[in-house]
Amino acid sequence: AQSVTQLDSQVPVFEEAPVELRCNYSSSVSVYLFWYVQYPNQGLQLLLKYLSGSTLVKGINGFEAEFNKSQTSFHLRKPSVHISDTAEYFCAVRNTGNQFYFGTGTSLTVIP
Amino acid sequence: KAGVTQTPRYLIKTRGQQVTLSCSPISGHRSVSWYQQTPGQGLQFLFEYFSETQRNKGNFPGRFSGRQFSNSRSEMNVSTLELGDSALYLCASSLSGSGETQYFGPGTRLLVL
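Residue numbers (my numbering), protein chains in the order written: chain B, 1 to 112; chain D, 1001 to 1113.
If we strip away everything but chain D, and leave its shape as in the complex, we get (with noise of 0.2 Å):
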């Protein structure tokens, strides 16, 4: 089975503007989960989607969204950059309930200029 995807690798992006990450997760894998990964914060939950619905939120602005579509893929959007966003954004998927093993994608490192 192939594993978790995430594009782009790499972004680079200037104040103000949005930015649109995807995450395809493993075949099957209904639940996606989204990560913030930074230096001072570590690892910050942001949020879980399951059959296109959000299922849980962490503590993110309002400029933090997603979505997830049908075919269990997802998008995660940040409006209004700010240069602290600069983060590895990781996706991680399961099967679906609570206990489930997540699988990481390799991350998508966004700079904000």
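So here's chain B without its partners, still in its complex pose (with noise of 0.2 Å):
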């Protein structure tokens, strides 16, 4: 079974410094990777996603993550963090055999 680490459980970031929220994952088969954001008492949104193809992916609200296969890891990056960017991060991986395997969260709080 896969495993996914957030290996930061709070990320505190000044208003417009950039961002790292780190992310690894354990598998030895092809993997699809994802980072969702969840906002108070609201569901997951999809920020983006890496199923193939260039292993540097661009998502929404001036996200990127890149993809390394051999660290295993996907970054989630933002050069210039915004109040509203405070919510709690996931990581997830999906294998082929569809099954989603999420890690336990990054809260980033924004400070002014």
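Derived by calculation from the structure, the hints in this document are not laboratory data.
Mixed in with the good hints there might be a few duds.
Unchecked claim - Here are the simulated DSBU-like pairs of lysine-lysine, each with C-alpha atoms no more than 35 Å apart in a straight line: (1) B:Lys49 with B:Lys69; (2) D:Lys1057 with B:Lys69; (3) B:Lys58 with D:Lys1057.
Starting from two chains that each stand alone, build the complex the way the hints lay out.
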């Protein structure tokens, strides 16, 4: 079974500063990778996904992520965060058996 | 297109009772997955239904069950509720197969007293 590790449970960052949220996964087979965002009292919203092709994936709200197969990582980045980016971020892996595995989440707090 | 809808949004039950949660997927989506979200365990996969058949199942006890109807709407049932079943239950739908983006509903928050 796959596992997904989000190394930082909480990340505080000042407004307009860059941010990186880390995600590592364990898998010996091809997987699909996703980042989701969850705002308070809401469901999850897809930020971006990697299925194949270019390892740099651009998503909504200025976020991007880079797939690194050798390091089994899929870190999420944004060059300049906004107050509205304060939310919980989840990294997820979907295997060829259609099962999703989620990380435990990273709480991003943007400080004005 | 309307998004994924879940009813009810909030629910309070007592130990030993049973509960049924409902999920209506996005029109045209045939796959529906259920997740349990708790502060301690994060998001955990319960099961996935596709064309009225359970296609995948997570590691939850048999008290957790589900079904899908011909219109792709899905229900999840939890029998003999325990305090630890208190959680946010999320439903997600997708078109069909592997690699498809899942679209999540707002969730049903269940509190077991």
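Verification of the supplied hints:
1. For the hint linking lysine 49 of chain B to lysine 69 of chain B, the alpha-carbon distance of about 15 Å falls within 35 Å, and the restraint holds.
2. Distance restraint check for lysine 1057 of chain D and lysine 69 of chain B: the Cα-Cα separation of roughly 27 Å lies within the 35 Å cut-off, and the hinted pair is therefore satisfied.
3. Between the alpha carbons of lysine 58 of chain B and lysine 1057 of chain D the distance comes to roughly 31 Å, so the proposed pair stays at or under 35 Å and holds.
When each numbered hint is compared with the structure, no violation occurs for any of them.
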